[in-house]
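Colleague: Chain by chain, the residues run as shown.
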Amino acid sequence: MSTPATLSDADLVQRCRAGDSEAWNELVERYSRYVYAICVRGFRLSDEDAEDVFQDVFTRAFMRLETLRDGSALKPWLAQLTRRRCLDAISGGGREQSVEEVMGDEGSSDMEEIEEAFAVREAVAGLSEACQDILDRFFAQDQSYRTISDELDIPAGTIASRIARCLGKLRTELEGRNEAADGSSE
Amino acid sequence: MTRSFDEERLGELLRLLRPAPASWVRAAQELPYARRTFDEIVARAEADLAFREALVADLESALALEGYEPDGRIVAEIRARLTES
Numbered sequence: 011m012s013t014p015a016t017l018s019d020a021d022l023v024q025r026c027r028a029g030d031s032e033a034w035n036e037l038v039e040r041y042s043r044y045v046y047a048i049c050v051r052g053f054r055l056s057d058e059d060a061e062d063v064f065q066d067v068f069t070r071a072f073m074r075l076e077t078l079r080d081g082s083a084l085k086p087w088l089a090q091l092t093r094r095r096c097l098d099a100i101s102g103g104g105r106e107q108s109v110e111e112v113m114g115d116e117g118s119s120d121m122e123e124i125e126e127a128f129a130v131r132e133a134v135a136g137l138s139e140a141c142q143d144i145l146d147r148f149f150a151q152d153q154s155y156r157t158i159s160d161e162l163d164i165p166a167g168t169i170a171s172r173i174a175r176c177l178g179k180l181r182t183e184l185e186g187r188n189e190a191a192d193g194s195s196e
Numbered sequence: 002m003t004r005s006f007d008e009e010r011l012g013e014l015l016r017l018l019r020p021a022p023a024s025w026v027r028a029a030q031e032l033p034y035a036r037r038t039f040d041e042i043v044a045r046a047e048a049d050l051a052f053r054e055a056l057v058a059d060l061e062s063a064l065a066l067e068g069y070e071p072d073g074r075i076v077a078e079i080r081a082r083l084t085e086s
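Residue numbers (this note's numbering), protein chains in the order written: chain A, 11 to 196; chain B, 2 to 86.
Warning: the hint list may mix true and false statements.
Simulated coverage check for chain A against chain B, where a stretch passes if three residues somewhere in it have a Cβ under 8 Å from a Cβ of chain B [as the list claims (entries may be wrong)]:
(1) 44–52
(2) 60–72
(3) 78–90
(4) 121–131
(5) 139–151
(6) 179–187
Not the full set, but computed from the structure, chain B residues with beta-carbon under 7 Å of chain A [claimed, not checked]:
(7) Leu11
(8) Leu18
(9) Ala23
(10) Ala29
(11) Leu32
(12) Leu66
(13) Tyr69
No lab work stands behind these hints: they were computed from the structure. The beta-carbon is built from N, C-alpha and C at its ideal position, and this holds for glycine as well.
All chains should be built: construct the whole structure from the sequences, respecting the hints.
Modeller: Written out as structure tokens, the structure is:
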């Protein structure tokens, strides 16, 4: 039996519907950064509003998972839920700023970047665990070479080259995915 | 979709999806348990008048007394449900 982390979205949704709590944990884990990024990067919500929206999105997703006809559409469904709740938070929060002012002209490009970042993160999942770990620590968690060195017990002087190697592998992985996507669309 | 993959750009994109606060993720992961707790409390309140009256009188204390530790969102939902019925 597949572990939840290796399941497709459609299978993950199916397991969640069947009451599998490990599958639900994975669904939250898989999309927590995405939902969070839409809140704080796409809509520039305050931490307080972002937390409310974040919890509400996952609560609604949990309660309405049965209504999602196609489990493979989980990501756009969550994105839509999140965007709606962000708009509610902005318009219902008694703010003087309009949605346009909050998001600015760059709002849509921020959303495009989030989508692009998600695709990159999916590609990261195709790398070795060591690469996934070091890239995430350095870029997403802002850990210093010193901290990474201490926590992973590797020489600080080798970290930059390890990161560079992992970025190279990531680039290869992404190029492979794009070629495969291009090939399948031709 | 991503077409050019220089290291600087990859770094920018990797920085964009930062981890949500761990407590938020944990709370979201505990939703199934929280919903079960909610359903259990509501069912008990509907079947047990004394329990219901204790909840109406002092919701947080009554829940604690019975060993329930629901988060604020669930407590608010229970309060709303008690007010409705």
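Colleague: Determine for every hint whether it applies to the structure shown.
Modeller: For each hint, the structure was consulted:
{"no.": "1", "hint": "44–52", "result": "holds (count 5)"}
{"no.": "2", "hint": "60–72", "result": "holds (count 6)"}
{"no.": "3", "hint": "78–90", "result": "violated (count 0)"}
{"no.": "4", "hint": "121–131", "result": "holds (count 8)"}
{"no.": "5", "hint": "139–151", "result": "holds (count 5)"}
{"no.": "6", "hint": "179–187", "result": "holds (count 4)"}
{"no.": "7", "hint": "Leu11", "result": "holds (6 Å)"}
{"no.": "8", "hint": "Leu18", "result": "holds (4 Å)"}
{"no.": "9", "hint": "Ala23", "result": "violated (10 Å)"}
{"no.": "10", "hint": "Ala29", "result": "holds (4 Å)"}
{"no.": "11", "hint": "Leu32", "result": "holds (5 Å)"}
{"no.": "12", "hint": "Leu66", "result": "violated (26 Å)"}
{"no.": "13", "hint": "Tyr69", "result": "violated (18 Å)"}
The structure does not agree with the numbered hints 3, 9, 12, 13 stated previously, though it agrees with the rest.
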